[in-house]
Amino acid sequence: MTFRRFNIALLLLVSVVCPLSSCSPNDCPLPDVEFSTVLATCTTDQLWAWAESGTPLPQNTILVGRVTANDLSGNFYQLVVVEDDKGAVAIRAALSGLSGHYPVGCKVGVDVSGLIVELYDGGLTLGRSRNTWSDYRVEPLVGREDIFDRIRVCGPPTTPTITSATPEEFTARQCGTLVCIDNLRHLTAEAENNYWGVTPYGSQAERYFSTPNGSVVVVSTSTYADFATATIPKGELSVCGVLHSTRHAGKDVWMLKIRDLDDVQQTNP
Amino acid sequence: MRRWIVTFVALLVGVANLSAQQMSESYYRENPSWINAELWALEGEPFFITALSENPFEEYALYGFSFVDYSPRGERYPTQGLLLGTIDTRNPLQRYTDYSFLSLLRRAPTTQSYHLHTPNEIDSSPSSQLIHPSPFDLAPSSRLRLQLSSRTYRMGIGYAAVAHRGDSLAVSIAVGARGGRDANIEGLYSADSYLWLAGERRWSRELDHRVTIALMVAPSERAQRSWNTEEVFGLSGNRHYNSYWGYQDGQVRSARVRYATLPALYASWDIDDRYILSRLNITAFVQAGRTRRTSLDWADATNPQPDHYTYLPSHQADPEAEAILSEVWRTNNTDFTQINFSKIYEAAALQPHSTPYVLSEERSDLLTAKIDLSGQLLGTHHRRVGLRGGYHRSRDYNSVADLFGAQSANPNALTPYDHTPTQSEWSLYATLRERLGGGTFYGSAEFGGQTIGYHSRITGYSSEDSFTLLRAYLAWSRPLTEQLSGGANGYFHHSAPFWNDLYGAAEGSMTVNPYGKGTTVGSANIWARWERGPLVTYATLYAELSGNQSHSENFWDAQSSTYSTLLAGGLSTLCSGVQLSVEARITRALKLEGYLALSSNRYTGNATCDIVGFDDATPIVRATALNLQALRSSATPELASALKATWYAPRGWMVGGELAFVAGRYLEPSLLLSSDYARSQWLSQADYNSLMGAVRSLGSATNLSLFVYRRWGKVSLSASVRNLLNSTSAYSAGYQPSRLNIRRNDTSHTTTPHAPRYQHIYPRHFYLSLGYDF
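Residue numbers (this note's numbering), protein chains in the order written: chain A, 1 to 269; chain B, 1 to 774.
Hints were generated in silico from the structure; no laboratory data involved.
All of these numbers come straight from a predicted model, not from anything done at the bench.
Be aware that a few hints might be false.
[Said to hold, decoys possible] Residues on chain B that point at chain A, a partial pick, calculated with CB under 8 Å:
#1 TYR189
#2 ALA223
#3 GLN251
#4 THR302
#5 ASN303
#6 TYR311
#7 LEU312
#8 GLN351
#9 GLY664
#10 GLU668
[To be verified] Partial list, derived from the structure: chain B residues whose beta carbon lies under 10 Å from chain A:
#11 GLY180
#12 ALA183
#13 GLY250
#14 ALA299
#15 ASP318
#16 GLU327
#17 TYR345
#18 ALA349
#19 TYR357
#20 LEU373
#21 GLY486
For every residue, glycine included, the Cβ atom is placed at its ideal position computed from N, Cα and C.
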């Protein structure tokens, strides 16, 4: 062919081919993120009536609250703790990485219809069925479909309000809520007790603290927590965490589960 | 002058548009046979002259068995040279040549030939594809082609032309694009384009002085397909389930896409010398560009892959949980059976300064530069000597491609790496072809050195190792009678290992594979060709022994929850077999062809490995045995056969069909799980025996295809339907992961190997090509 026809054909081809070549079927529009709108039909204090009954919660039972603790540090394994202005409940969900979808402080609406509520360490725990032999006495929710469908995000995270009080002021209905106890001192005897989550027995390490008036407070840490090998600070501490109750030396005492090391402040070294 | 300015501007605009094309990410496992064979299946008849090899079986096997994992002689990685002029364009830092570059070379206006275990008269490659870019080798012509397909792309257009101006100047061009979504597998698509420009100038007819320059670029974007366990295929009810995509705002979005833009420049200068060498040639090749592969990464969030083993019923501890998860798959809720991009964007909105999900990119900035100086010895046409050298570099690193609307990512979401392997080489070589003993003797020898280097920008670690390069190829063929001819050839090859097998753990632990030695390969091949009347028979007997191979792989040790590295060496394999082809001209219009290969590809002995922690090189075990003796080293079928019929019908139609059958296919064993360490630490004896025994069969597979071709003057039509019977129950390929599955319940835990992962044979699909010559 001649060079002239060659050039004309070339120009036509290039002008057709090049625009086609820059189209990618993978260019998708950016979706709008809309949080769910959920209306509460009950509060956490109303769940106590079903606790330990083995009876599934009735249909259309919806809680709305804020996440106060999740599995980020590994100390609340497969748990999301939701607190409203009446109390709190820990929801057991068999999924790793819950913290990515339910960060602390985010507002959630939880459809607890048909779930079982149990008491564990003094606080309310929700799961799909009762099993007194399993952790928290309930079987966890299973499958992302059920978990994401039941626990819906209603709003972005805000900093939760934490109540400071002395052990004498707490009530049983506060179990599961986020609290702070000031002026605690670590009661230590053996050297290995200087770490939050190191123990030769089992998967939970208990550390004992004392208030100025002699009340004992237990801090429980999983050996799998990412701060388990961190050293407990000396001196007076302000410790925040999710409130539980447990037995120590034959007596009922309060127990805290901290979320991470930011929950511990050294107030008087 | 005006014409040249217009042409130049048009080319600049075209190249600028092509290089600005956006790209997205990744492949999971690229199989060597698929790249070449798929090329044939996708491209159909090449644009220009192609001469195929003398070995009809291996010529058929270039595409005929592409429906399964196939490499002609059981090679684990491709060894076929890709010669542009006298330069092998392959980058030794990449195991596989980029698909788009291969595709471009096939569609470019060039003369091409395949030398499949036969000499190529340029170097000592046992097999090679030779491409001669000279526009003067082709008659002036131009061709437009429109393509339609249901596999990997939907539509394509291409134009190629060759023009001469007298005897002094010739140019060639090829430009085209194709793209679209795969019609059979959701989440697959491609968007490719290409440009080839070549010019040749000749002076002095007496000295035959010529210069050839070629510029080529082929930007590509290809989504990938996942490998799945049989459980996932069953749960999804889809043999071609692909977990790499999800819906975003109602549209399909693929998370694993591979992009490549690798422009290259070729230049060659030839002249008759008459003083030292009768003809001198200097050829140079430079290629530089980037490949990217995207995938989802995350930290402190749920695994975004919908088929993660923890989401499957088989991983659950109780029947109720199994039933719940089975129901999710049965109802095909794509929010959970595919990637849930809504949840990913929601997570980013909740934590915009520390989003748990990112779309990461693995990038390789590649550079290859090669030069070859050679000449024919005075007084001969068949004796050449030469000197060649090359330098290759690849900066490999990762980065974030998409934050899903967030401002920054969780610092743990992406584990950074940034290292630069390099390889330089030089060699002296000589080739000759002589009449000998009534036949033809070909010999080629090459001696030189290779230096592999490594540098990490993150740790500052550097290392360098040198190896000897030694290659030799001998071939002799002779007609024995009027009808019978035969010959033998053999080659020997000793070279550096692949860089990653040497430095695979270097980024974290700054450890060099202590077993990394040069790889040695030796091969012998005997063939015979018998032609009598309409019958042509070709038979080959071969054996190839590879020794001292090294290997490095990283894996997640579920028991200790640490990332570890296996460093292996002393791997040796023996691949042997017989290939038979028969061609019969039943009538002038009817041709039948039959192909059969029987092969055995096995490890010849045990090997050794160390296992170390990836981050700190803490030795976990030293010199543990890899129990590979007599295990199959390749998934290539031990039996491969085909029947092909071609009818040259009246009025210029060509119609045909082919039926291929393969059997004797097995998964390659996992090196880690074959080790004494795995057997003693993790696996029960039953599991170990199961893994090491011959029970990991891929089964047999069949493929029926039809094709038709017709030319009406300047118009041509070719069409083919592959896998006509839509036979998809068989696997096309598979692999055994090195990971272990730990299932815990309240009282105990069990450890078993992860299930093998597979891909099923691709469904029925078609190609249609309409060409016009003008």
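Structure-based check of each hint:
no.: 1; hint: TYR189; verdict: holds, 5 Å
no.: 2; hint: ALA223; verdict: holds, 7 Å
no.: 3; hint: GLN251; verdict: holds, 5 Å
no.: 4; hint: THR302; verdict: holds, 4 Å
no.: 5; hint: ASN303; verdict: holds, 7 Å
no.: 6; hint: TYR311; verdict: holds, 7 Å
no.: 7; hint: LEU312; verdict: violated, 11 Å
no.: 8; hint: GLN351; verdict: holds, 5 Å
no.: 9; hint: GLY664; verdict: violated, 39 Å
no.: 10; hint: GLU668; verdict: violated, 31 Å
no.: 11; hint: GLY180; verdict: holds, 7 Å
no.: 12; hint: ALA183; verdict: violated, 13 Å
no.: 13; hint: GLY250; verdict: holds, 9 Å
no.: 14; hint: ALA299; verdict: holds, 8 Å
no.: 15; hint: ASP318; verdict: holds, 7 Å
no.: 16; hint: GLU327; verdict: holds, 8 Å
no.: 17; hint: TYR345; verdict: holds, 5 Å
no.: 18; hint: ALA349; verdict: holds, 4 Å
no.: 19; hint: TYR357; verdict: holds, 7 Å
no.: 20; hint: LEU373; verdict: violated, 33 Å
no.: 21; hint: GLY486; verdict: violated, 46 Å
Of the numbered hints listed earlier, those contradicted by the structure are 7, 9, 10, 12, 20 and 21.
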